[in-house]
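Colleague: Spelled out, the chains give:
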Amino acid sequence: MKEENGLGKKNSVLTLLLLLAGAGLLFAGLLTGQERDVLLKAVRVCLECIGVG
Amino acid sequence: MYCSRRSGSVWSASVSGEKRRSWIQFSALLIQNANFRGFFSGKIYQGKLKQVCVPGINCYSCPGAVGACPIGSLQTFLASRPVKLPYYVLGFLILFGTILGRAVCGFLCPFGFIQELIHRIPLPKKKIGAFPGDKALRKLKYGVLLVLVIFLPLVMDYTPAFCKYLCPAGTLEGGVPLVLLQGGKLNFPIGSLFYTKLAILILLIVLSLFLFRPFCKYLCPLGAIYSLFNRVSLYRMRPEAEKCTHCGACAAVCPMQVDPSVSPNHVECIRCGKCTAACPAGALHLGFSAKNKKEQFPPV
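Protein chains in written order, with my numbering: chain A, 1 to 53; chain B, 54 to 353.
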C-alpha cells in the first residue's frame, strides 16, 4: 500500500502554502472591496436562486 | 466480526459520536439561519453579516440566512461584466477547505443535514448503499462545478447558472418559504423554472429516503471543491497502521462507501466518524493534527 495517508512533509508544506494563499486572497478581496459585492448580492432576494428569475 | 463488535462500548461510542455530530449540525443550521423573524415576515436579513461567506450550502435568499452562500457569491463575480476575479470568495473556500476539508459537509452544511434527517426516516425496504454506476455518478459533481458554476456564468451575462437551473437548497430554503410567505406580493410570476426546480428538489428528497446524501454524493459543487482539500486538510483521519486488522468494519459502516483502511483521507470522506467508532481495534482517529506518525496501513 503506497498511498500516503498521513500529513507528510510535502503535504504539510502544501497545507501551509494553501493557508497563506487563502488568507492572501481573502485580504486581496477585502482590499478591492469585494465584500461589498457579496453584501449587495446577498441582501437582495436572488430571483434565480428561488426559481422565478 | 464487526457485527458482534457493535455492542457495548463501541456501539455506545458510535451513538454518542453520532449524537454529538447531529447537535453540531443542528447548531450550525440554526446559527447560519439565525434571522428567525424572517420566517414570519417573509423578508430576508439585510445586515452587514451577509458579507461573510458561510462554509456550507445555505441560500442567501433564505428568510433566516445571516451569511452569504459561497457558491452563489462565486457565480456573482464570474457572471458580472466585466468579469471580476473572485479573490474574496476563493480566500474563504481555500481557508475552509484547508482547515476542515469535507468535514464542512459532515458537520456544518445545512442542506447536507436536511438530507441526513430525511435519510433517517425508517423504510420498510432496505436503504441503498453502492450500486452499479455509483462511482461514475460521483464524478458528476465536478462537471456541475466546471459547467454550471464556472463556465456558464462566464459566458452568460449575469446568470448564476447553478442557482438558476439546479440548486435544490435555493428552492427549499429560499423559493418555497418566500413564495409561501410573500405569495402574490412577489413581483415576478411563478413559472416553469420554479416548478422544474421544485421537481428537482422533490426528486432529491425522495432519493434521500433511500440513498445517503444524494445531492452531496453526485451533484454538490461545493463538496467537489472541498474534496480536493481532503488529503491536505488540517482536520483529517489519522490511522494507526499497526493496530489495523483489516476486518472491514470501517468500510461496512461508511455511508459514503469509502474504505478507510485503504484510503483514510479519500475525497468522498465527509468525516462523519462512523468508521472511527466502528473500528474494534481503535485504529482510526479523526482530528486536527500535523503529526506524521507511522500512518500507513500495512499490506493486507
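Worth flagging that the hints you see were computed from the coordinates, not collected in a lab. Hints may be right or wrong, so weigh each one.
Computed footprint of chain B on chain A; a stretch qualifies when at least three of its residues, placed anywhere within it, have a C-beta under 8 angstroms from a C-beta of chain B [as the list claims (entries may be wrong)]:
id : segment
1  : 17-30
2  : 33-43
The calculated SDA-like cross-link candidates involving lysine to any residue, where the alpha carbons are at most 25 angstroms apart (straight line), are [claimed, not checked]:
id : chain 1 : residue 1 : chain 2 : residue 2
3  : A       : Lys-9     : B       : Tyr-195
4  : B       : Lys-101   : A       : Val-43
5  : A       : Lys-9     : B       : Tyr-288
6  : B       : Lys-327   : B       : Leu-264
7  : B       : Lys-137   : B       : Gly-196
8  : A       : Lys-10    : B       : Leu-148
9  : B       : Lys-192   : A       : Lys-9
10 : B       : Lys-96    : A       : Lys-10
11 : B       : Lys-101   : A       : Leu-16
12 : B       : Lys-192   : B       : Lys-296
13 : A       : Lys-9     : B       : Lys-137
14 : B       : Lys-192   : B       : Lys-101
15 : A       : Lys-9     : B       : Lys-180
16 : B       : Lys-178   : B       : Val-259
17 : A       : Lys-10    : B       : His-319
18 : B       : Lys-180   : B       : Arg-191
19 : A       : Lys-10    : B       : Val-259
20 : B       : Lys-137   : A       : Leu-39
With beta-carbon atoms standing in for the labels, derived distance ranges [what the hints assert, rightly or not]:
id : chain 1 : residue 1 : chain 2 : residue 2 : range
21 : A       : Ala-23    : B       : Ile-255   : 39 to 47 angstroms
22 : B       : Ala-183   : A       : Leu-20    : 37 to 45 angstroms
23 : A       : Leu-30    : B       : Leu-233   : 31 to 39 angstroms
24 : A       : Leu-16    : B       : Leu-233   : 45 to 53 angstroms
25 : B       : Phe-79    : A       : Leu-30    : 29 to 37 angstroms
26 : A       : Gly-33    : B       : Lys-192   : 34 to 42 angstroms
27 : A       : Gly-8     : B       : Val-136   : 34 to 42 angstroms
28 : B       : Tyr-248   : A       : Leu-31    : 37 to 45 angstroms
29 : A       : Leu-31    : B       : Gly-196   : 32 to 40 angstroms
Cβ atoms here follow ideal geometry from the backbone N, Cα and C, with glycine treated the same way.
Colleague: Does each hint hold? Answer for all of them.
Modeller: We went through each hint and held it up to the structure:
Under the rule that three or more residues need a Cβ within less than 8 angstroms of chain B, the assignment of the segment 17-30 of chain A holds, with 12 such residues. Check result for the segment 33-43 of chain A against chain B: holds, 9 residues qualifying (beta carbon to beta carbon below 8 angstroms, three or more required). Distance restraint check for Lys-9 (chain A) and Tyr-195 (chain B): the Cα-Cα separation of roughly 28 angstroms exceeds the 25 angstroms cut-off, and the hinted pair is therefore not satisfied. The hinted pair formed by Lys-101 (chain B) and Val-43 (chain A) meets the criterion: a straight-line CA distance of about 9 angstroms does not exceed 25 angstroms.
A distance of roughly 16 angstroms separates the Cα atoms of Lys-9 (chain A) and Tyr-288 (chain B); the hinted pair therefore holds under the 25 angstroms criterion. Restraint check: the Cα-Cα separation between Lys-327 (chain B) and Leu-264 (chain B) comes to about 16 angstroms, which is no more than 25 angstroms; the hinted pair holds. Proposed proximity of Lys-137 (chain B) and Gly-196 (chain B) is supported: the alpha carbons are some 22 angstroms apart, at most 25 angstroms. Taking the CA atoms of Lys-10 (chain A) and Leu-148 (chain B), the gap is about 18 angstroms. The hint holds against a cut of 25 angstroms.
Restraint check: the Cα-Cα separation between Lys-192 (chain B) and Lys-9 (chain A) comes to about 29 angstroms, which exceeds 25 angstroms; the hinted pair is violated. A hinted pair counts as satisfied when its Cα atoms are at most 25 angstroms apart, and Lys-96 (chain B) with Lys-10 (chain A) does not qualify at roughly 49 angstroms. Distance restraint check for Lys-101 (chain B) and Leu-16 (chain A): the Cα-Cα separation of roughly 30 angstroms exceeds the 25 angstroms cut-off, and the hinted pair is therefore not satisfied. Proximity of Lys-192 (chain B) to Lys-296 (chain B) is assessed by CA-CA distance (about 33 angstroms); at most 25 angstroms being required, the pair is judged violated.
Our distance criterion of 25 angstroms between C-alpha atoms is broken by Lys-9 (chain A) and Lys-137 (chain B), whose separation comes to about 35 angstroms. A threshold of 25 angstroms between alpha carbons decides the hint, and for Lys-192 (chain B) with Lys-101 (chain B) the separation of about 36 angstroms lies outside it, so the pair is violated. For a cut-off of 25 angstroms, the pair hint linking Lys-9 (chain A) to Lys-180 (chain B) is broken: about 41 angstroms separates their Cα positions. For the suggested pair Lys-178 (chain B) and Val-259 (chain B), the alpha carbons sit about 13 angstroms apart, so the restraint of at most 25 angstroms is met.
A threshold of 25 angstroms between alpha carbons decides the hint, and for Lys-10 (chain A) with His-319 (chain B) the separation of about 18 angstroms falls inside it, so the pair holds. Restraint check: the Cα-Cα separation between Lys-180 (chain B) and Arg-191 (chain B) comes to about 18 angstroms, which is no more than 25 angstroms; the hinted pair holds. A threshold of 25 angstroms between alpha carbons decides the hint, and for Lys-10 (chain A) with Val-259 (chain B) the separation of about 43 angstroms lies outside it, so the pair is violated. For the hint pairing Lys-137 (chain B) with Leu-39 (chain A), the CA-to-CA distance comes to about 15 angstroms; that is within 25 angstroms, so the pair holds.
Remark: the range hint 39 to 47 angstroms for Ala-23 (chain A) to Ile-255 (chain B) is upheld by a beta-carbon distance near 41 angstroms. Taking 37 to 45 angstroms as the suggested C-beta distance range, the pair Ala-183 (chain B) and Leu-20 (chain A) conforms, at roughly 38 angstroms. For the pair Leu-30 (chain A) and Leu-233 (chain B), the supplied restraint of 31 to 39 angstroms holds, since their beta-carbon distance comes to about 37 angstroms. Take Leu-16 (chain A) and Leu-233 (chain B): their Cβ atoms lie about 48 angstroms apart, and the range 45 to 53 angstroms holds.
Here the CB-CB span from Phe-79 (chain B) to Leu-30 (chain A) is close to 31 angstroms, well matched to the stated 29 to 37 angstroms. As the Cβ distance of Gly-33 (chain A) to Lys-192 (chain B) is approximately 37 angstroms, the hint placing it in 34 to 42 angstroms holds. The given range of 34 to 42 angstroms is respected by Gly-8 (chain A) and Val-136 (chain B), whose C-beta atoms sit roughly 37 angstroms from each other. Under the hint 37 to 45 angstroms, the C-beta atoms of Tyr-248 (chain B) and Leu-31 (chain A), about 43 angstroms apart, fit the expected range.
Between Leu-31 (chain A) and Gly-196 (chain B) the CB atoms are about 34 angstroms apart, so this pair conforms to the stated range of 32 to 40 angstroms.
Violated hints, listed in ascending order, are 3, 9, 10, 11, 12, 13, 14, 15 and 19; each of the other numbered hints is respected by the structure.
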